[in-house]
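*Asks:* Place chains B, C and D on chain A using the hints.
Protein chains in written order, with my numbering: chain A, 1 to 339; chain B, 1 to 339; chain C, 1 to 339; chain D, 1 to 339.
Errors might be hidden in some of the hints.
SDA-like mimics (lysine to any residue), calculated; alpha carbons at most 25 Å apart, straight line [to be verified]: (1) A:Lys90 with A:Arg236; (2) B:Lys90 with B:Pro49; (3) A:Lys136 with B:Glu272; (4) C:Lys136 with C:Pro267; (5) C:Lys90 with D:Ser26; (6) B:Lys136 with D:Ser26; (7) D:Lys90 with C:Val24.
One side of the interface only, derived from the structure: several residues of chain D facing chain C at Cβ under 7 Å [unchecked claim]: (8) Thr23; (9) Leu25; (10) Ser26; (11) Ala131; (12) Gly244; (13) Ala247; (14) Val254; (15) Leu256; (16) Lys257; (17) Arg258; (18) Pro267.
Think of the hints as simulated: they come from the structure by calculation, not from any bench.
Every residue gets a Cβ at the ideal spot worked out from N, C-alpha and C, and that includes glycine.
4 protein chains.
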Amino acid sequence: MTVNVGVIGVGMIGQDHIRRLTTVLSGSEVVAVADADPARARTVADGVPGARAYATGQDLIRDDAVDAVVVASWGPTHEEYVLACIEAGKSVFCEKPLATTQEACLRILDAEMKHGKRLVQVGFMRRYDPAYRALKETVASGAIGAPLFVHCAHRNPSVPATYTSDMAINDTSVHDIDIVRWLLDEEVVATSVLTPRRNRRGGELRDPIFVLFEMASGALVDVEISVNIAYGYDIRGEIVGETGVAALAESNPVVLKREGAFSGRVPADWRERFVRAFDLEFQEWINATVSGTATGPSSWDGYAATVVADAALEALRTGTRTTVSIRERPDFYTSKAGL
Amino acid sequence: MTVNVGVIGVGMIGQDHIRRLTTVLSGSEVVAVADADPARARTVADGVPGARAYATGQDLIRDDAVDAVVVASWGPTHEEYVLACIEAGKSVFCEKPLATTQEACLRILDAEMKHGKRLVQVGFMRRYDPAYRALKETVASGAIGAPLFVHCAHRNPSVPATYTSDMAINDTSVHDIDIVRWLLDEEVVATSVLTPRRNRRGGELRDPIFVLFEMASGALVDVEISVNIAYGYDIRGEIVGETGVAALAESNPVVLKREGAFSGRVPADWRERFVRAFDLEFQEWINATVSGTATGPSSWDGYAATVVADAALEALRTGTRTTVSIRERPDFYTSKAGL
Amino acid sequence: MTVNVGVIGVGMIGQDHIRRLTTVLSGSEVVAVADADPARARTVADGVPGARAYATGQDLIRDDAVDAVVVASWGPTHEEYVLACIEAGKSVFCEKPLATTQEACLRILDAEMKHGKRLVQVGFMRRYDPAYRALKETVASGAIGAPLFVHCAHRNPSVPATYTSDMAINDTSVHDIDIVRWLLDEEVVATSVLTPRRNRRGGELRDPIFVLFEMASGALVDVEISVNIAYGYDIRGEIVGETGVAALAESNPVVLKREGAFSGRVPADWRERFVRAFDLEFQEWINATVSGTATGPSSWDGYAATVVADAALEALRTGTRTTVSIRERPDFYTSKAGL
Amino acid sequence: MTVNVGVIGVGMIGQDHIRRLTTVLSGSEVVAVADADPARARTVADGVPGARAYATGQDLIRDDAVDAVVVASWGPTHEEYVLACIEAGKSVFCEKPLATTQEACLRILDAEMKHGKRLVQVGFMRRYDPAYRALKETVASGAIGAPLFVHCAHRNPSVPATYTSDMAINDTSVHDIDIVRWLLDEEVVATSVLTPRRNRRGGELRDPIFVLFEMASGALVDVEISVNIAYGYDIRGEIVGETGVAALAESNPVVLKREGAFSGRVPADWRERFVRAFDLEFQEWINATVSGTATGPSSWDGYAATVVADAALEALRTGTRTTVSIRERPDFYTSKAGL
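Okay, chain A solo, but in the shape it has when bound (with noise of 0.2 Å):
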């Protein structure tokens, strides 16, 4: 069975999604597009062969001819479109944010719930990235005892002048957030920001920033986050368990020995570091879809990096450690059918 999907936002993202769909994975075709700028939606329906362009998101979910619907449009969009595809029992695969605020989440998971089985798989990729896959495994194997502390990097080559403050929780930080709840498979109930020396790289920008959170068993996590950093894309993570370390190892394919100095590469950005995490989430959602259901990162996950990445922008504002106050979470987000 083929999966005919159609993409809601085909901007750069929204653009790579269809490559990734039409000309690197299995099962899916792309029937339909929708954009904020129909002429954008015509360009890029043209050069799909098959699929046609809608004036609107809602028109494109109405569609029959659409099975699944991707949401890459602009955030403060995502909650209609979701809703929308959980009201036409359609699949969604909605980039983060699910929504922009928690009570928009909220309501997602009220009508997901409502629903009666999940629908939703929200954009956290970097549940599909093989190494974060064996750093999982390999805490759950027992390997390092039971975890204390996760110590993790996100380095940023460069951000565009539009970047500000607020954007390293929201945007950046969100990745991190999901990831440590997933690997330690609980959730974070408090949160502290610490802002060090500037980086004069990026003027007035608050960045670098260390952002810490507590986990609910009391492991501490502390993620540098570094936007500027010129020199690559670098994502560390190290989990410390009561007996033993494990770590994303660095990954590369060549080492060179020249001039006194054996070196290897850092990746360019984050679709060179990622794009088999993109490439696997994507065909999951595809195989989910054709089950009839959704796997990995659920609507519970949004809403949950939400309301975290809420409380570390008032840590950030207010320079104190705040509470993160989340509901408690549905029995029905807790199967582990999903990742």
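*Replies:* For chains B, C and D alone, kept in the frame of chain A given last:
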């Protein structure tokens, strides 16, 4: 456009290719299968929606619904099927060996040249491995100067009792023969085989062996072939140039520290090590088929590998340096259109 | 010229220094020992040709045959012996702590400044570790831009039952305090201590802890202190700059591949990890003594480490960020003559 | 007890040994020097308090104040000085080669056996390198099973114009000959030398070469000798056993990440790479001298290396496999008292 593929030979390898073509890659469907064992052909066809089973490979090739053919049958049958595909003007992916004798390979070269454009891709998957590609690019960049040596190791954890000493050359070293020809972009001109102390794990098997290749430029290649080395599947490659060296990096997702040691994983077998290479190999085959041509390892490469392997077999038997007598390369096969 | 050394305190550490001074390094002889346990002093003296045992450290210091003194006795006795050495104008190597209170340290500073030139070297051996030296040189070269973070881990396999939570600050983190002051060449201005979930291997011991230091420049230092982590002795350090990062490399002599894994050794304890640092530390002390001065970690460094450790202890007890109140650094101690 | 050392030959190497004996190691003094250039002997003696200059090595050896002798003079003079030391019953450290002909080596063996106990240590410093020691221990532990291969690389950044093709065997590969004999604890029985394409950086120099050694057990050793490879001094060694492999690890103090790459240092030359080995080699020589014996590489090892090097030279000249004709090892030299 979807490429409709017929698969001849649906043993373990053939079935894995079917899985890849139907559930991993984009742009292909498997519409026909054939096997020396008709019952197996039928069983496999039953598992692939829309596929039919043929009594013979020739029948399958004649089916107009088949756009392109994968030959994964017993080596001695390859020539017949490849020639039939060329006759039918159909793209063919042929697992190594292209054919079991030099003469058979030459008949394929002649047929393909007569046809007028490339139709054949031979299954030397290492050329698609991201690490080997990065290694070739590093050398091509001039970063290490002109190559002087290639040091290789081809280590396999264990082989079945049916594995013979000749297979170390014909089935195992043939991948090394192809990859060094490709890495250095030149032919092998002579070969020697040294036989150190036996690994007692293999009984009377002539294992390990140390194979030397002299390249046209004078560069020297040494390959340790160890097929019973227990610890894992480990493919090493280092190119020594005039001013530097470049080597395949160790690849491993997680570093674990426990009980006084740090450690990482060695691949368990060739499937784990080259899973990405197989995917990319077939994706490029599908894409080239759509474009009406073939890329990657050509019939010429299949012929050259056979000639070199024959010389290595003689070197193994006689214990002396053996020159490689290869035809002059036709212009037809010098195009840089491939990899 | 041979330096005639007297050693006060000949427990395990003191005896190891005697071994080093008599059988490893050049230019020194041990001529006198003293210990709170006179029998032990005598036994140790008997094993060193030409050495005599003294009833008290003061007697040893007074001996004209003693050119220079190593103080390796119980911490609370350090002040008295160091002051006596300064009074006698003799070079003194004092194991950390320089003294157990800030006031005592200040008395030593005053005495040494009154004497008019440096006589004291404090036992912060990490500054002599070749890897830390290379790390400092890398930062100094400008290769990573201005430092923003230092991420450290100080991991120890196990501690005896007598080890208390305060010792994690006073005895363990004090090495990290000194090394980050030295790496960044600036003082600590504030500190916080976080206490994650306990490692159950240590019972009620407050372990691990996570210590944060804010430096005068605004750079932020985090130190994971884990004293019961079982797997080995592992000292990690990474400096994050504006355009790059530099980290202590994993150090290991042999890579072993067997049973599906590659592996290497983690040091078993601090002796193995820092054996070269101890040798170099004492060789430089001997050499400086011959030159009539002292180099390396000074009384000021001993005082500063004590002030910061006191603040960290308070931070641990109160759970709040604590500012570090340190005197202004006298010109006397700003010489770059040392390390 | 302090060992009073006389040094014959005070060129660059001899002066470095004097530095080591007087300012790095414990237990020795340099009391006499001699050199073919009397002015140089005098100048060097002037820089060493208490040392006198001799007109000839024989005069130095006769001096009763000299307990032990370092021979670092021109190779052809070694035999004479070593024999004179044995005659005088004095411990002697002789830089490689022990002597320049097999016959001369045999005269030394005979003289030392007649004397009745070992007096000679030959300067094969690699045996003292901590990484090579760990490699030998790993093999001895049985972790990889019986050795089948040793793969070596001996890479040097550049050689002076006076360096000849024969020196690649006599001066360079001789270290590899010794270390594989020591690692595998057996003799070389045959050797071949292959000459790939020339490195144009060396003009007409026969560089690189690929030297093969067949060991008594049937294990095979291959050594890449590259003396003009520009990028650094790089000594690689990997032992392949029946069930695993063990290799010298890359050694580097700091990992630097900048400008899209991670990198570390390759040693600039043999001094940097083997500084610790030289220190340990001489410290063990001093200690053995105090004990009235010699340990480590023996006259037998010096003889065996010369025999193998002679065979390799013949193999290089004739282009054929050459058997190694070595005497039966006397019981005198089979003691495991050494390394």
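*Asks:* So which of those numbered hints doesn't the model satisfy?
*Replies:* Checked against the structure, the hints that fail are numbers 1, 6, 18, while the rest are satisfied.
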